[in-house]
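Novice: Residue numbers (the numbering used here), protein chains in the order written: chain R, 1 to 128; chain C, 129 to 361.
FYI, nobody ran anything at the bench for these hints, they're computed from the structure. Even glycine gets a Cβ: it sits at the ideal position worked out from N, Cα and C. Misleading hints may appear alongside valid ones.
[Unchecked claim] Here chain C is said to cover these stretches of chain R; the calculated rule only asks that three of the stretch's residues, wherever they fall, bring their Cβ under 8 Å from a Cβ of chain C:
| # | segment |
| --- | --- |
| 1 | 13-26 |
| 2 | 54-62 |
[Unchecked claim] Examples of chain C residues lying across from chain R (beta carbon under 7 Å, computed):
| # | residue |
| --- | --- |
| 3 | 180 |
| 4 | 300 |
| 5 | 343 |
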Amino acid sequence: MTEVQWLYAITGVAALTYLLRAAPLLWRRLRIIGERNVAFLSYVSFAIAAGIVSKAVLIDAGRWAAPDDVIVKGLAVLAAIGLHRFFHRLPVALFGGVGVAVVLKGGGGFEAVSGLLVPAIRDILHAM
Amino acid sequence: MSAGRYRATLFSSAFTRGLRAGSTVTLTFVAIFIGVGIAAQAAGVEAWATMLMTVAVFAGPAQFAMIDVAAQTGVLLQVISVGVLVNLRFFVMSMTLSQMFGAVSRRRLALWAQFVSASSFLLTFFEARRVADGDMFAYFRGVVVASFPGALIGTALGVALASGLSETLMFGASLFLPVYFALLLVSEIARRSELAAVAVGLVGTPLMELWLPGWGLFIVALIAGMVATKVRR
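Construct all of the structure, not just a fragment, from the sequences and the given hints.
Specialist: Written out as structure tokens, the structure reads:
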């Protein structure tokens, strides 16, 4: 696309997106419709938050993420939740969870963790 | 409004709480928009157009979709259509926010409407559940002031550095937003109907995203809303 076409495309999307963003805030009739459906809208909000989490963990560039990445991301989320339960401090949990992911992904820690976990799970299953 | 009073409102505790909450997602914004910058460079989009897109459209998924369609077809109408369709979710988000902002002048609403995003919307939504009579508009502005620069910095970095950034750091930075939302969800779910909405969102979104890229989040959220409303009844 040429530079002028990009200018048109950006202007068009920006203007129409602004309408989508602004209309419910500025148009009284839409606010009233929202008032009547507060519970529905709050459920939609919960689902969007949940969807962002599962999409980030499971999908990468429009396809299923690599299993190793899924495990690392899942462990990061679980570590963050665990840290939050223990310390009751959001920043500690947030940076702790992400830190776990960075260490596992960057430092070859994933192999170490799976090297410990897999035999342990195998032993437990064997014992059962 | 006098300058002093305006400053007092600007730095009210709700605004500061918003700033703090918004700063936790800034790094995720940087990571997402680095991706936008890199994708735009790869597709041959000019640097000025990439930056303008982030300022004017300010919606990562839509920007990715626009760049993708432009690279594949180069048809202007298709690029505009895909950008707007991916952004339909903002309508529902603004509708929810309109219930939280209370009496705010139309001029100010018109000014700040541009910054409705999944993050600014969800952080304000969860704050409104915790603080029933707080100034949610001030909180929303705080979130925006803290997070929007992340989008600009990320886009500029993506354009400047293209793909020369550490993969591990990008990986980690991209996790701030989902981990943060997971923490919010765990501490906010109080009813069975809310749990139902979360379950549908968790399971349905990735599947729908694979089937209809860019639409999954929006469609599944609406389905989850209907399912949870039924559960509640």
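Novice: With a Cβ-Cβ cutoff of 8 Å, does the segment 54-62 of chain R contain at least three residues near chain C?
Specialist: Three-residue rule met by the segment 54-62 of chain R, so holds; n is 7.
Novice: Does the closest beta carbon of chain R sit nearer than 7 Å to the beta carbon of residue 180 of chain C?
Specialist: holds, 5 Å
Novice: Let's test the interface hint: is any C-beta of chain R closer than 7 Å to that of residue 300 of chain C?
Specialist: Hint holds; residue 300 of chain C Cβ to chain R Cβ min 4 Å, cut 7 Å.
Novice: Take the shortest C-beta to C-beta distance between residue 343 of chain C and chain R; is it under 7 Å?
Specialist: This interface hint is violated because 11 Å lies over the 7 Å limit.
Novice: Examine the segment 13-26 of chain R for residues whose CB is less than 8 Å from any CB of chain C, and state whether their number is three or more.
Specialist: holds (count 12)
In summary, the structure is inconsistent with hint 5 from the numbered list given earlier, while agreeing with all the others.
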